[in-house]
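Q: Here is what each chain is made of, one letter per residue.
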Amino acid sequence: MGAGRTVLVTGVSRDLGRTLARTLATDPGIDRVIGVDVVPPRGDLGDVTFVRADIRNPVIAKVIAKEDVDTVVHMSVIATPGSAGARGTMKELNVIGTMQLLAACQKAEGLRTLVVKSSTTAYGASSRDPAMFTEDMEPRRPARTGYAKDVVEVEQYVRGFARRRPDVTVTLLRCANVIGPRVVSPLASYFRLPVIPTILGFDPRLQFLHESDLNRVLRHAVREERGGTFNVAGDGLLMLSQALRRSGRTSVPVPAFAFGGLAPALKSVRRADLSPELVAFLTYGRGVDTTRMRTELGFEPHYTTASAFAEFADSLPPAARRTERVLGSLAERLPAVDDDRPAQLTLAGGTDG
Amino acid sequence: MADADIIPIGTRGQPGRGTGKRPSAAARGLAPKTGTPRKAAAKKPAAPPKERTPVEEKPVLETPSLLDAPADVPADVPAVPAEVTATAPAARTDERGAGPLAGIPAGDWLAAFQHASRELFGDQWEPQLARFLAFLRRRVTGDYSVDEYGFDPEVTERFFMAALRPLAQKWFRIEVRGVENIPAEGGALVVSNHSGTVPVDGLMTMVSIHDHTGRFLRPLGADLVFRLPVVGSVARKGGATLACSEDAERMLRGGELVGVWPEGFKGIGKPFSERYKLQRFGRGGFVSAALRTGVPIVPLSVVGAEEIYPLVGNIPSLARLLGVPYIPITPLFPLLGPLGLVPLPSKWLLEFGEPIRTDEYDDGAAEDPMLVFNVTDQVRETIQQTLYSLLMQRESVFR
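These protein sequence lines map, in sequence, to chains Z and U. Numbering follows the UniProt record's numbering, in which position 160 of the first sequence is assigned residue number 160; successive positions increment by one, without gaps. Numbering follows the UniProt record's numbering, in which position 321 of the second sequence is assigned residue number 321; successive positions increment by one, without gaps.
It should be emphasised that the hints constitute simulated quantities derived from the structure, not laboratory data. One or more of the hints may lead you astray.
Claimed, not checked - Which stretches of chain U does chain Z cover? Using the computed rule of at least three CB atoms under 8 Å from a CB of chain Z, they are:
no.	region
1	131 to 142
2	145 to 158
3	304 to 310
4	366 to 372
Note that beta-carbon positions come from the ideal geometry of N, C-alpha and C, so glycine has one too.
Given the sequences, and given the hints that come with them, work out the whole structure.
A: Structure below.
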């Protein structure tokens, strides 16, 4: 917590990175915050010094050396090729960018802390998954393509770096799907669809992390300097069906084989990007165990999965909720019920043994 | 007057209908000419007298065609039927024009609804219905919670259990023994034999345990269960999770009552000739999970499940094609089609044996393969012996 810390944040062109850089700059324990990205940020950076540099080439090493950076926050691993262009560019940005950044970090003598924002996508999603992944578990089906593979490779390089530079505190944060009113992510745009396709016969378990909690956990990691790998997610789980009911959206179950054909169509109209790993996630779901986040990292999220999703759902255009209104108006005509005593439904069978 | 009685009957002694040169009365009634007044009548069922007039005028043009043909009809007689036929189509158009729902007043609906509610929920129907509506609202708005395995206690208790209970009580007439061996609280591992082609025994065990102890059994299922659409999501909602050491230990540490069927597909898919012969008990993973968490193992022997679908054959090639362990052939199944899916009503006996304690072993016991094998054998032998003694006690398969 020494005064005069200099923090370098990668990936500040996107909202989450920019917000983090700005809030870090207001932290009294931090002197300077340097934001790095290939393209300029879309919004106000406040006190952050922006350096337009590509982490894919060795320029980044010069920035780190010149500015005497002691903390690096790496959050430019992107989930969709969307802004970057093609998948090839995305992979290069994610994997080669991380390699270059870590190579530069290895040379930086003054570096004390490295915080990497990873994702729970690293665990994959399959029918063989345990209910809750702890940090020690491996994905049951190793990812072969896309973002999931990038995440796994990035984590490998980060682990390699941690081995080579044991003096640097490396914090790897595997964050659950970030959600919030301003988040632009494949999952958020999926939930913003007017009619949401679901996979027939599957009801995945979902876990969310609120955007403000992501910001807080990254700041917490910079401040506290606790090394290790941590799952970060809001408490509790939501089933997809439950989430859709809570948001009042209309959903259409689509058979799994047809869902694959739906993804390119949605992508071509730029409504949602249903990558294979997102489809797997929407089929089998995933849960991560956050015990270590509490005990070792000492972080407590403000939002639960349900409240994070509720806030996100409030930002959506209001839904019709016809059934709910009908039921509500019916219920008003009847006497109030005490919530403690559960309703005794005797539609089928008796409750007596 | 005897003649007058004959006239309105209509076919004038000719056989059949429509043999005359003119269209029949029914055909004329349907003719588009009368369509316009019918529509007007439909819009305003409480017809004002102004609307009446065209309806009455039109039939005047037609009535002679109906009535003038019989030569022997006295001239004064048609006057009465003419009025009857004139008003009859008008009344008919009135009825037809109104939709089937529009005619029933709201009060009738309410009365019918109240009657139905009373039928369904008994005399205390108002609070009962209010509670049911509250439940329905919770479901519609998603305002319920699931645990980390996706278990939905509300829907399990209200629907799955309620749907399976009649099957357990009336169809299989399950008799449960040794319920006191299930701990009232804390983690425990129920280990059972597996049989019956379709894992109905697991469902019945869940219902029986819930009805007798009030605890939910959390079954561990093969990954095939979670790969299948519908089955997988229903299983998760019902409290199941994947049979892997991580989940088993997590659940047991969480103080759940966990159910395992270590024979797996070898057990349920064994031919009828090998009924009640226990198969290999997996690799003893369930014992290591119990040893690591120190929970008691409760052996459960199920008699009766073997006979519900006597497996006499298999189609291995089709099974391989579909990626399932076997395609069952029972004496009834492909032969009677869907009817063959009705399980035979065998009499079931469930006996919970004395719990086998695992908390007295040392910490590293789970890493000792010999000890794990020994405990596995002990559990297996206990179940096998109980099966034999239950079979001796059973009067017959169906009684």
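Q: Quick one: see if chain Z covers the region 145 to 158 of chain U, three-plus residues with Cβ-Cβ under 8 Å.
A: holds (count 8)
Q: Mind checking, does the region 304 to 310 of chain U have 3 or more residues with a CB under 8 Å from chain Z?
A: Check failed, 0 qualifying residues.
Q: Just to make sure I understand the rule, a stretch counts as covered if three or more of its residues have a C-beta closer than 8 Å to a C-beta of the chain. Does the region 131 to 142 of chain U meet that for chain Z?
A: holds (count 11)
Q: Closer than 8 Å, Cβ to Cβ, for at least three residues: run that test on the region 366 to 372 of chain U against chain Z and report holds or violated.
A: Since three or more residues must qualify, the claim that chain Z covers the region 366 to 372 of chain U is violated, with 0 doing so at under 8 Å.
Hint check: violations occur at hints 3 and 4; the rest are consistent with the structure.
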